[in-house]
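Undergrad: For the protein sequence lines, the chains are U and E, in the order given. Here our numbering is used: the first sequence runs in plain steps of one and ends on residue 213. Here our numbering is used: the second sequence runs in plain steps of one and ends on residue 213.
To be clear, the hints were calculated from the coordinates, so they are not data collected in a lab. We treat Cβ as the ideally placed atom computed from N, Cα and C, and that holds for glycine. Do not rely on the hints blindly, as some may be mistaken.
[What the hints assert, rightly or not] Calculated pairs, DSBU-like style, for lysine-lysine (alpha carbon to alpha carbon, straight line, at most 35 Å):
(1) U/Lys60 <-> U/Lys26
(2) U/Lys194 <-> U/Lys183
(3) U/Lys26 <-> E/Lys194
(4) E/Lys183 <-> U/Lys194
(5) U/Lys183 <-> U/Lys26
(6) E/Lys60 <-> E/Lys183
[Said to hold, decoys possible] Where chain E lies over chain U, by a calculated footprint (3+ residues, C-beta under 8 Å):
(7) 4-13
(8) 35-45
(9) 54-65
(10) 73-87
(11) 133-145
(12) 157-164
(13) 199-207
This is what each chain is made of:
Number of protein chains: 2
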Amino acid sequence: MDAETRNAFYRVLHARRDMRHFAGGKVAPEVLQRILEAGHAAPSVGFMQPWRFIRISDRKLREELAELVEKERQYTAERMGERSADFLRLKVEGILECAELIAVVMAPDDGTIFGRRTMPEEMTLASCACAIENMWLAARAENLGMGWVSFFDPQQMAALLCCPPGAKPLALLCLGPVSDFYKAPMLELSGWRKRRPLSFVLGENRYPDGNKQ
Amino acid sequence: MDAETRNAFYRVLHARRDMRHFAGGKVAPEVLQRILEAGHAAPSVGFMQPWRFIRISDRKLREELAELVEKERQYTAERMGERSADFLRLKVEGILECAELIAVVMAPDDGTIFGRRTMPEEMTLASCACAIENMWLAARAENLGMGWVSFFDPQQMAALLCCPPGAKPLALLCLGPVSDFYKAPMLELSGWRKRRPLSFVLGENRYPDGNKQ
């Protein structure tokens, strides 16, 4: 890779945002295909390829998923205590407005031992998360926004998506055109939480002590 | 992003490999910094930033980690049954040969409810995996190989890295110059397992039936 390719890559990476505001519109089939292929090109432990992508094209199903998420948003607010009102003012998803909605589900355990004897479910999940990050970055390279919605009861979502026993929904991905990308993570811009300096998360030969802020 | 940037991004993405063969050498400090910053620019649920990166600069510690991994490789082989001999012939890590070794650890639960009421540990782990995928792609853009080693007992690794209670090691990342990048995933090239077609992992409005191979 030459310096230009490297710089282009970093431009995409640092401009990726978790988007909740969408501008409607459509995603061209060849663009959606490239994004799905980016997900499918992710690494997986023991080459399991445990990700399953479900495109939601049925409006009624989309609305049922939106209801499931709204219910979970209310449960979350109830647990938030004094931050509950602030939380409810934040926009946390764009399920009904985004051009495409894609559920990502972990396939049932296929018995792979390679690289996951000690951490079986963790490694399946990690592979699926890598696939999602690939899709997220690909979406940004395509000038599309993506948001990962994790506000849902996984069992209820599994039922809505006719998942087999052992399959586990991990994400609802909102994807589509946006008016603008946030300049920084929305939770940082809204003052919900601060960014840590890199030094805080970095240790040498031992867990970082967290005093280096 | 223009078409050139997009194409550059996809070149990096599709050329990324899980590397186990390294050519020694060094990683320049500014390159390592860019890769770590790529990890730290990952998305995280509730903006938790739960990843901790530990650079292993101590040779003795590196050797202890290599021993831990070798022990787990033997345990894995014992579980492999008839594929045990084939498995033992595969190179699964380059811990002692790679230029840089970085452990990634999940921070102890900080009590975040935002986006993780129903799947707390899963969402922490997913955020850390996204950070690792970012570093993996960044390494490829820098013409460096990276390999994610998951052959270890997480509790024993936590002890070696002086992790606080509740912190959980997720990966040992081997990073550094390589002679060549594999043309396809090593487990595909070696005939260990086949790549699924995208159609196999893709469903519409319901979990894919797996009959579309």
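Undergrad: Hints first: check each against the structure and report whether it holds.
TA: How the hints compare with the structure:
no., hint, result
1, U/Lys60 <-> U/Lys26, "holds (18 Å)"
2, U/Lys194 <-> U/Lys183, "holds (14 Å)"
3, U/Lys26 <-> E/Lys194, "holds (34 Å)"
4, E/Lys183 <-> U/Lys194, "violated (41 Å)"
5, U/Lys183 <-> U/Lys26, "holds (23 Å)"
6, E/Lys60 <-> E/Lys183, "holds (34 Å)"
7, 4-13, "holds (count 9)"
8, 35-45, "holds (count 8)"
9, 54-65, "holds (count 6)"
10, 73-87, "holds (count 5)"
11, 133-145, "holds (count 9)"
12, 157-164, "holds (count 4)"
13, 199-207, "holds (count 7)"
Of the numbered hints listed earlier, the single one contradicted by the structure is hint 4.
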